[in-house]
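Numbering-wise, the sequence shown is residues 1229 to 1408 according to our numbering.
If you are wondering where the hints come from, they were derived from the structure by calculation, not from laboratory data.
There could be a bad hint or two in this list.
[To be verified] Calculated lysine to aspartate or glutamate pairs in the EDC-like style (CA-CA distance at most 16 Å, straight line):
no., residue 1, residue 2
1, Lys1259, Asp1321
2, Lys1283, Glu1254
3, Lys1305, Asp1357
4, Lys1346, Asp1367
[Said to hold, decoys possible] Label pairs and their calculated CB-CB ranges:
no., residue 1, residue 2, range
5, Ser1276, Gly1370, 40 to 48 Å
6, Phe1255, Gly1383, 46 to 54 Å
7, Pro1299, Gln1376, 14 to 22 Å
8, Thr1313, Asn1249, 58 to 66 Å
9, Gly1336, Thr1315, 23 to 31 Å
10, Leu1258, Thr1278, 25 to 33 Å
11, Thr1333, Ser1239, 42 to 50 Å
12, Thr1237, Lys1305, 55 to 63 Å
13, Pro1311, Thr1333, 19 to 27 Å
14, Phe1255, Pro1299, 41 to 49 Å
Yeah, the Cβ is synthetic: ideal placement off N, Cα and C, and Gly gets one too.
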Amino acid sequence: LNEDGDTLTNSSGVTIVTTGNIITLEFNPLKASHAGMYSCQATVHSISQTKSASKHITVQQNLDVYVVREPDLGGDKYPVGSPLTLTAGISGDYTAPLSYQWTSTCDGECFVAGGSTKSLNRYALRSVDSGWHTCVVTDYLGNSGTAQTIINATGVSLYSNASGVLPSNAMLFADSAGNL
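Build the full structure now, drawing on both the sequences and the hints.
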């Protein structure tokens, strides 16, 4: 019986195998949805005796996590001063809600890079943002997965100070659409 009290039968991904007097429940492939309470009841009719046992099954699995870069420049190099958003995605089975934890390892130091949202935003990359950026995603059941990407912030920033004042010798170029 499953936790809803339904009698299990051979069905998609669940097989009942009998070998001699041993009955085995096999899950193939094992999914997060298989977690729950399972009970087995055996009756010896010749002596009218019934025994039962129950077991709660927890399914731990690795989540398939990936990181998307926006904009995607086709490599790891991004100009200093440019915006960059890293967004963690997940595919496959998981149980909502999801939690996110971003860390970055830049210049050999590891630090918490962002809060608990699926996106890590850098509105103006600095050279110190170069390094590995990692996101750990955990679902409600405690299953987790990790994805990381490397960013190489290159070039010289157009800005000479934190107030955003351009140096007197700065040259800006625009494409035909007016983008700088």
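> Looking back at the numbered hints, which does the structure fail to meet, lowest number first?
Replying inline: none
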